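J.: Model the full assembly from the supplied sequences, consistent with the hints where possible.
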Amino acid sequence: METILDISGLTMRFGGLVAVSDFDLQMEKGELVGLIGPNGSGKTTVFNMISGFYRPTAGSILFEGKDMVGLRPDQVVASGVARIFQNNRLFTDFTVYDNVMLSQHVRMKASPAAAVLRLPIYARQEAEAHETAMSLLASLGLKAVAHEQAGSLPYGLQRKVEVARALATKPRLLLLDEPATGMSVEEVTDMMDFILRIQEEFSLTILLVEHTMRVVMGCCPRMLVLNYGKTICKGTPEQVQCDPQVITAYLGEEGGQ
Amino acid sequence: MKPRFNVQWLLSALGVAAVMLFMYWADRNLDPYKARLLNLWAINAIFAVTFNLIYGYTGQFSLAHAGLAGVGAYTMALLTMSPVTKANMYLLEPPMWPISVVRWPFLPSLLASGLVAALFGLIAGGPSLRLRGDYLVMATFGFSEIVRIVISGLPSITNGALGLKNIPKIANNAWAWGMVILTVFVTKRLKESSYGRALRAIGGDEIAAEAAGVNLFSHKLLAFVVSAFFTGIGGALLANLLTALEPKLFSSALTTGVITTVVLGGIGSLTGNIIGSGIYTLLFELLRTLDQPWKLAGYTIPGRYGTRVFAISLVLLLMMLYYRRGLMGRNEFTWDAVFARIRSVLTRGSASSAETAEQGEA
Numbered sequence: 000m001e002t003i004l005d006i007s008g009l010t011m012r013f014g015g016l017v018a019v020s021d022f023d024l025q026m027e028k029g030e031l032v033g034l035i036g037p038n039g040s041g042k043t044t045v046f047n048m049i050s051g052f053y054r055p056t057a058g059s060i061l062f063e064g065k066d067m068v069g070l071r072p073d074q075v076v077a078s079g080v081a082r083i084f085q086n087n088r089l090f091t092d093f094t095v096y097d098n099v100m101l102s103q104h105v106r107m108k109a110s111p112a113a114a115v116l117r118l119p120i121y122a123r124q125e126a127e128a129h130e131t132a133m134s135l136l137a138s139l140g141l142k143a144v145a146h147e148q149a150g151s152l153p154y155g156l157q158r159k160v161e162v163a164r165a166l167a168t169k170p171r172l173l174l175l176d177e178p179a180t181g182m183s184v185e186e187v188t189d190m191m192d193f194i195l196r197i198q199e200e201f202s203l204t205i206l207l208v209e210h211t212m213r214v215v216m217g218c219c220p221r222m223l224v225l226n227y228g229k230t231i232c233k234g235t236p237e238q239v240q241c242d243p244q245v246i247t248a249y250l251g252e253e254g255g256q
Numbered sequence: 000m001k002p003r004f005n006v007q008w009l010l011s012a013l014g015v016a017a018v019m020l021f022m023y024w025a026d027r028n029l030d031p032y033k034a035r036l037l038n039l040w041a042i043n044a045i046f047a048v049t050f051n052l053i054y055g056y057t058g059q060f061s062l063a064h065a066g067l068a069g070v071g072a073y074t075m076a077l078l079t080m081s082p083v084t085k086a087n088m089y090l091l092e093p094p095m096w097p098i099s100v101v102r103w104p105f106l107p108s109l110l111a112s113g114l115v116a117a118l119f120g121l122i123a124g125g126p127s128l129r130l131r132g133d134y135l136v137m138a139t140f141g142f143s144e145i146v147r148i149v150i151s152g153l154p155s156i157t158n159g160a161l162g163l164k165n166i167p168k169i170a171n172n173a174w175a176w177g178m179v180i181l182t183v184f185v186t187k188r189l190k191e192s193s194y195g196r197a198l199r200a201i202g203g204d205e206i207a208a209e210a211a212g213v214n215l216f217s218h219k220l221l222a223f224v225v226s227a228f229f230t231g232i233g234g235a236l237l238a239n240l241l242t243a244l245e246p247k248l249f250s251s252a253l254t255t256g257v258i259t260t261v262v263l264g265g266i267g268s269l270t271g272n273i274i275g276s277g278i279y280t281l282l283f284e285l286l287r288t289l290d291q292p293w294k295l296a297g298y299t300i301p302g303r304y305g306t307r308v309f310a311i312s313l314v315l316l317l318m319m320l321y322y323r324r325g326l327m328g329r330n331e332f333t334w335d336a337v338f339a340r341i342r343s344v345l346t347r348g349s350a351s352s353a354e355t356a357e358q359g360e361a
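Protein chains in written order, with numbering that gives the first Met the number 0: chain X, 0 to 256; chain W, 0 to 361.
If you are wondering where the hints come from, they were derived from the structure by calculation, not from laboratory data. Hints are not guaranteed to be accurate.
Selected chain W positions facing chain X (in silico; Cβ < 7 Å) [claimed, not checked]:
| hint | residue |
| --- | --- |
| 1 | Ala173 |
| 2 | Ser193 |
| 3 | Val213 |
Please read these numbers as outputs of a predicted model, since none were measured by experiment. Yeah, the Cβ is synthetic: ideal placement off N, Cα and C, and Gly gets one too.
T.: Here it is in structure tokens:
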């Protein structure tokens, strides 16, 4: 197996507050790793650093051997890392189709002039993007709602559309920020299947942040626990569940599921 | 999507041909006052469409319009006026080279007006588009004011506060409306391309757009420069229509007028831009009476210059409070909508008059 993501010593300070300190993570290609921790423990901050929204105070992020620190979010996407957000950030007045088409713009090389004049180079790219969008929507079971406004869909579907939008950038690493939070029991089960399925189908490496313990425990063979910005535990779900530090920090409060 | 060489496309082509034929006729037969109003409508329409591109789609509230229009207008005037006219008019300082010798034909001058405005757009947009929200508003407003003040302060180039007169009047309604059609065409095609999706995504949610791989800065700059180019063209046509320019013509009142137009028609609708600018042009003309003394129930109310600007501002204020959607909202004129309407009228068998179709593309 080859290492796809190599994070070492990642630290983020906001003034006096240390949001994340000395975060290390190595991910093998095709792995699904869970990142859990109580509210405010720095999970989303880690995501923001990997995806280029925050510039880390210290540490390095190597993705496929390439240094990601200092890249803009769109450059990170172009390098093959996509994310979804904790709070829904769909373009609600776009159709589902347009949401998925939008993410392919990053790969389209035709100039604005070629786009305005609808030159063959642009037409070809747009046609390719259309094919990709339709086959992606079909394989994710979203074809029926392709031309619905994204904002008009039920919450569970909106989350899937957001994943579809991320997948349309053709990522090799996918960062999922609480994909199942706020969902009903059936929706959670559905989302777990969905995550495992896309991992397989698109041969993805996935880093998953989740509050719903059932999802992380059920999906991830390996996980990390953050508390106050520090990694307090690493291991299999069984190891993590038994770790006394984790129980006091997290599971203890949750009632130890 | 599939390329569509179909009925809608044909109708649009016919619509454009009809508009151009009408303008050709109007230039020869309409009385000068009406022709002038029609021409002004075209210019306001161009400004509205370019503002819509940067604000309605891309969500960047820019107040640079007056400055960019000024750049286009002065470029047009300086390129088309004869060296002799300029030499006679520049009383403060003689015109500097190359302004003292240059004289270009209309079409290259029009293109140059757009390009120079686009260059200014690039210079202004470079630093200011890195700013967000209120800061962008301040920076672009500052840019526009700087342009106006620099125009006043460079007598050897622009004849300063004395302004320019006797600018050759070459553009007519056919030219002006031809430019409207070109502006609408380019804007619409851009909006409906993958670039347009990126621009509208930025207008919707910048963070999500970035996460979807959109380079915010380069796309904002693209919208700003394209918008600046056509704003410059609009300014050039304005110089041609007025045949006289002075710096204060390009004060913030011009930008306010453009914003009123766009709000009136519906932010984000090209159809709304065209209709809104027509209403605005007419309204502004009719309100001219407010600037003159008028009688109300036997009393004479003295006219005061600028009352109509006040009235227009009031319209803008009321619209922002009660009618933000504007006339069209985000909707566009489409042939499909016209077909649907005709079909529903026919099936109901009612004799209600068929909707008169506004010019536009499907």
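J.: Are the hints correct? Go through all of them and say.
T.: Here is how each hint holds up against the structure:
For Ala173/W, the suggested interface contact is broken, since its CB lies about 23 Å from the closest CB of chain X, more than 7 Å. Taking 7 Å as the C-beta contact cut-off toward chain X, the hint placing Ser193/W at the interface holds, the least distance being around 4 Å. At a threshold of 7 Å, the smallest CB-CB gap from Val213/W to chain X is about 6 Å, leaving the interface hint in force.
When the structure is compared with the earlier hints, a violation turns up for hint 1 alone.
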